[in-house]
Amino acid sequence: MSRIYVLKIVFCCLLLLINGCISASSSESLPESNHPYSNNFEYTWPDISESGANQIRFHFENLELAASDKLILCDKYDNVLVTYDRWDSRKNFWTEWYTGDSLKVKLITDDSYTAYGFKIDQVENRLDVCPSDDALAESYHPYANNFEHKWPDISKPSSTQIRLHFENLELAASDKLILYDKYDNKLVTYDRWDSSKDFWTEWYTGDIIKVKLVTDNSGTDYGFKIDKGEIKNENNITTVFTESTKTLDPINKKIGDKSGEDTENLQNLTDSDYIHNQFVQIAVTLNILEEEDKDSWMYKNIQWIFSGIGVFFLGGISGLVKKLRDKKSKDETLENK
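Take 35 as the starting number for the sequence shown in our numbering and just add one per residue.
Everything labelled a hint here was simulated from the structure, so no lab data went into it.
Here the structure is a predicted model, which is why all the values come from computation and not from measurement.
Every residue gets a Cβ at the ideal spot worked out from N, C-alpha and C, and that includes glycine.
Keep in mind that a hint or two might mislead.
[What the hints assert, rightly or not] As a list, the in silico DSBU-like pairs of lysine-lysine whose alpha-carbon atoms are at most 30 Å apart:
no.: 1; residue 1: Lys125; residue 2: Lys104
no.: 2; residue 1: Lys104; residue 2: Lys153
no.: 3; residue 1: Lys262; residue 2: Lys190
no.: 4; residue 1: Lys259; residue 2: Lys184
no.: 5; residue 1: Lys220; residue 2: Lys262
no.: 6; residue 1: Lys153; residue 2: Lys110
[Stated by the list, open to error] Between beta-carbon pairs, the in silico distance windows are:
no.: 7; residue 1: Ile212; residue 2: Asn68; range: 43 to 49 Å
no.: 8; residue 1: Ser230; residue 2: Trp121; range: 28 to 34 Å
no.: 9; residue 1: Asp228; residue 2: Thr194; range: 25 to 31 Å
no.: 10; residue 1: Asp145; residue 2: Ser83; range: 30 to 36 Å
no.: 11; residue 1: Asp81; residue 2: Ala207; range: 28 to 34 Å
no.: 12; residue 1: Ser146; residue 2: Val222; range: 49 to 55 Å
Build out the structure end to end from the sequences listed, making use of the hints.
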């Protein structure tokens with residue numbers, strides 16, 4: 035066997051080891067079931083945690099459940115956020131936004147039937163509780179579940195009356211938007227039935243209005259955007275004020291076929307069929323395998339053959355290095371004597 039031939043095999047084995055490391059790292063990224071999943075199965079995947087996040091949500095590439103089987107999302111304290119069943123089966127959708135930096139995924143199946151299962155391919159998070167605290171009050175669109183936040187006071191010193199204008203207000207069932215005066219006296223509470231666009235509040239006495247959003251875990255909606263306000267002074271002269279808000283884009287971590295320019299390379303590197311086919315081509319090039327012989331044991335296990343050879347050569351190299359070090363140490367000892 036020529037020296038070049040041996041070096042080719044060693045190089046291929048090292049490439050396989052590198053690919054294996056990349057694949058192992060990627061497989062720990064986002065929860066995914068077997069396709070199909072098993073009967074009588076219950077498992078909670080490791081927490082998906084985004085340090086520093088205030089809100090988080092998942093994207094499902096696919097979700098297919100059989101009758102009586104359930105996929106449950108929980109927060110970091112094991113509170114159930116949502117339970118999916120067979121009637122929720124669909125493709126390419128986002129979950130609601132949930133308050134916190136972690137989500138847990140749990141699959142529970144019975145002994146009747148199975149289905150595809152699920153694959154989560156993206157996680158998205160928001161680092162702030164709202165788009166901006168430096169302007170008029172505005173929620174994220176949509177807002178998060180289990181969320182409670184009071185915006186900084188909308189204050190116009192020296193005014194005697196004040197009111198606000200909503201560009202849009204859309205709330206889900208059981209969610210509330212509350213306005214307070216400077217002493218935290220409740221002025222008005224909006225709910226889903228008050229959802230509307232382009233409207234003014236009543237006039238309220240004073241120079242400050244506070245805005246608070248309180249949501250439950252049942253569902254979310256657009257939220258609200260206050261785009262301007264109006265004040266009256268002691269002479270009953272009205273003045274309109276506006277501030278533009280800066281919208282913060284969510285931090286988006288993507289895995290799989292939606293991850294950008296490097297998607298195809300990443301998907302190939304972590305795909306076992308792709309790796310197998312690459313080593314088949316290498317073996318054919320080295321004339322140690324016929325490409326047409328797809329039923330042979332060597333064809334089906336070629337990547338493991340290369341891996342074994344790689345381990346053998348790496349072990350040999352390691353042993354040779356050790357012998358050289360021992361010899362050097364022995365020579366130095368003799369010289370000292």
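Hint by hint, here is what the structure shows:
no.	hint	result
1	Lys125 to Lys104	holds, 16 Å
2	Lys104 to Lys153	holds, 14 Å
3	Lys262 to Lys190	holds, 12 Å
4	Lys259 to Lys184	holds, 14 Å
5	Lys220 to Lys262	holds, 21 Å
6	Lys153 to Lys110	holds, 20 Å
7	Ile212 to Asn68: 43 to 49 Å	holds, 47 Å
8	Ser230 to Trp121: 28 to 34 Å	holds, 32 Å
9	Asp228 to Thr194: 25 to 31 Å	holds, 26 Å
10	Asp145 to Ser83: 30 to 36 Å	holds, 33 Å
11	Asp81 to Ala207: 28 to 34 Å	holds, 29 Å
12	Ser146 to Val222: 49 to 55 Å	holds, 51 Å
Consistency with the previously given hints is maintained throughout, with no hint failing.
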